[in-house]
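For what it's worth, full-length UniProt numbering labels the leading residue of the sequence shown as 1, then goes sequentially.
Since no wrong hints were added, every one of them can be taken at face value.
Taking lysine-lysine pairs in the DSS-like style, the calculated list, with each CA pair at most 25 Å apart, reads:
id, residue 1, residue 2
1, K49, K27
2, K14, K27
3, K49, K68
4, K77, K40
5, K77, K49
6, K27, K77
7, K49, K14
8, K95, K59
9, K49, K95
10, K2, K49
11, K29, K8
12, K106, K95
13, K68, K40
14, K59, K49
15, K49, K8
16, K8, K40
17, K2, K40
18, K59, K29
19, K27, K2
20, K14, K40
21, K109, K95
22, K59, K40
23, K29, K40
24, K59, K27
25, K27, K8
26, K2, K29
27, K29, K49
28, K59, K77
Label-pair distances were calculated between CB atoms; the ranges are:
id, residue 1, residue 2, range
29, I79, Q116, 47 to 57 Å
30, M111, D36, 52 to 62 Å
31, L39, H19, 15 to 25 Å
32, E99, K2, 45 to 55 Å
What the hints contain is simulated information worked out from the structure, not anything from laboratory work.
All C-beta atoms in this analysis are idealised placements derived from N, C-alpha and C, irrespective of residue type, glycine included.
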Amino acid sequence: MKISEFIKQVNTTKDTIRHYEELDLVKPKWINGMRDYSLKDINDFHAIKEMQLIGFTLKDVQEIFNLKRTDGCGSEKLIQGLLNSLEQELESVLKEEQELQHKKNKVTKMMLELNQLM
Numbered sequence: 001m002k003i004s005e006f007i008k009q010v011n012t013t014k015d016t017i018r019h020y021e022e023l024d025l026v027k028p029k030w031i032n033g034m035r036d037y038s039l040k041d042i043n044d045f046h047a048i049k050e051m052q053l054i055g056f057t058l059k060d061v062q063e064i065f066n067l068k069r070t071d072g073c074g075s076e077k078l079i080q081g082l083l084n085s086l087e088q089e090l091e092s093v094l095k096e097e098q099e100l101q102h103k104k105n106k107v108t109k110m111m112l113e114l115n116q117l118m
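Modelling step: build the complete structure from the supplied sequences, incorporating the hints.
Written as structure tokens, this is what we have:
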């Protein structure tokens, strides 16, 4: 499919697709000097977006895709790399959660103190 159809399918912009191509994340085939996007490219795009949603950077995604390409989708090295990345992301989320809980406790305490003044 041409880029116009591809961007409709994945709901993005041409600039985003070109950027992902520059990063070697989306790799359409070339047919008669034109890019031809496939279902694999759509799946890769959705995988990129899903990884970004949980906090991975595009650099992280590049590393994961490179492992996938060199070692295969189910390789132990790829799976271990993903597990390590997910563990780091979980640690970050837990830290943020603790900070938010601390902030929530402070706000609640202030509210209680202010309510007592009324």
